[in-house]
Amino acid sequence: MPELPEVERARTAIERAGLNRKIAEVDDTDTWVCRPHPPGEIADALRGRRLVSAHRQGKTMWCETSGQGRSRTPGPTLGVHLGMSGRIVITQRGGTPTEGGDRLTGPYANAQDDPNRKAIWDRFTIAFGDGGSLALFDKRRLARVRLDPDLSRLGPDAQRVDRSDFVERVARGVAPVKARLLDQSVIAGVGNLLADETLWQAKISPRRPAGELSRTELNRLYRSLQNSTQAAIEHGGVHTGEIIEFRGVGRHCPRCGTEMTVAGVGGRTTWWCPQEQN
DNA sequence: AACAATGTTCAGTC
DNA sequence: GGACTGAACATTGT
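Our numbering applies: residue 3 is where the first sequence begins, and numbers increase by one.
Derived by calculation from the structure, the hints in this document are not laboratory data.
Be aware that a few hints might be false.
List of simulated lysine-lysine pairs, DSSO-like, C-alpha gap at most 30 Å [as the list claims (entries may be wrong)]:
(1) Lys120 <-> Lys205
(2) Lys141 <-> Lys120
(3) Lys205 <-> Lys24
Computed spacing ranges between beta-carbons, pair by pair [said to hold, decoys possible]:
(4) Arg257 <-> Ala26: 25 to 35 Å
(5) Gly131 <-> Asn229: 37 to 47 Å
(6) Pro211 <-> Gly133: 29 to 39 Å
(7) Pro40 <-> His254: 49 to 59 Å
(8) Ala26 <-> Gln232: 16 to 26 Å
(9) Ala121 <-> Val264: 35 to 45 Å
(10) Glu170 <-> Pro78: 32 to 42 Å
(11) Pro276 <-> Asp164: 30 to 40 Å
(12) Gly175 <-> Asn229: 23 to 33 Å
(13) Glu27 <-> Gly175: 46 to 56 Å
(14) Gln232 <-> Arg18: 18 to 28 Å
(15) Pro276 <-> Gly175: 18 to 28 Å
Since we're looking at a predicted model, the values are computed, not measured.
Here a beta-carbon is modelled for each residue, glycine too, at the ideal position from N, C-alpha and C.
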């Protein structure tokens, strides 16, 4: 699931329900998700502190932490990347399910109250002193947790980049424009579904070489990206986009009725309308 | 059983 | 070195 809109919602959930609660214990024993930190390293760094703010650039999130005890010196930054399927689940005092957090829905709804969920799919957990917790739930296990994450290779956030910066960065090279949009060092936050949605809205073929787009097309692409991103955040995620339900064999373009085309572009399965997207 | 999956990274080629 | 492509990564769902 997680592209920029889902990560933004997770960040908001942390901001609303996960801050300023004392960290009593941390389970960082999944050495794959927490690599390269050895078990206990993240726990030792966080125990006794509090998360004090939640930030995001593209699909990368991080929390700043408080000093310990009377110390005014801030703690380390806790970086979280949701990977392909990670979600943040926050519980309140006494473990009440996810009030204010990201309630599990859709195919994972069953896992919400599954007693085995924690043991099997919670890859990283912070236990707060009040009895609640913040967990990284991730079936696919491609999520990442790390201290003081390196953000230097991320481009500007797709939601905050201004138009001239966007145009200058995207309109380069001979690679397909979709590949350019997916490159996190160019613009951070666009994933496979949001890219298809944006290109469909802008009526631009995903295969067009990025450097050959006209000024008009680039402006349209920028607008479409802003619109589809904002809509996805408000409506609950990229899966709420218009084009998403038209990914599938025999499906038709919701605007013109032409049968959708599928092919690999930029290394990902890509759907587009061959009639309108040129 | 084989393949795709909303993610990143790294090896290899030009 | 930069630009670009494709495979690998761990696991699940179809």
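Structure-based check of all given hints:
Taking the CA atoms of Lys120 and Lys205, the gap is about 44 Å. The hint is violated against a cut of 30 Å. Distance hint between Lys141 and Lys120 is fulfilled; the C-alpha atoms sit about 11 Å from each other, no more than 30 Å. For the suggested pair Lys205 and Lys24, the alpha carbons sit about 49 Å apart, so the restraint of at most 30 Å is broken. Between Arg257 and Ala26 the CB atoms are about 53 Å apart, so this pair departs from the stated range of 25 to 35 Å.
The hinted window of 37 to 47 Å between Gly131 and Asn229 holds, with their beta carbons roughly 43 Å apart. The supplied range of 29 to 39 Å is broken by Pro211 and Gly133, whose beta-carbon atoms lie about 56 Å from each other. Between Pro40 and His254 the C-beta distance comes to about 53 Å, which sits within the given range of 49 to 59 Å. With their beta carbons about 37 Å apart, Ala26 and Gln232 fall outside the hinted range of 16 to 26 Å.
Checking the proposed 35 to 45 Å range against Ala121 and Val264 shows it holds: the Cβ atoms sit about 38 Å from each other. Glu170 and Pro78 have their C-beta atoms about 34 Å apart, which keeps the hinted 32 to 42 Å range intact. Under the hint 30 to 40 Å, the C-beta atoms of Pro276 and Asp164, about 32 Å apart, fit the expected range. Against the hinted window of 23 to 33 Å, the Cβ-Cβ separation of Gly175 and Asn229 comes to about 25 Å, which satisfies the hint.
Look at Glu27 against Gly175: about 48 Å separates their beta carbons, and that is inside 46 to 56 Å. Distance hint check: the CB atoms of Gln232 and Arg18 are about 19 Å apart, consistent with the given range 18 to 28 Å. A hinted range of 18 to 28 Å for the beta carbons of Pro276 and Gly175 is consistent with their spacing of about 23 Å.
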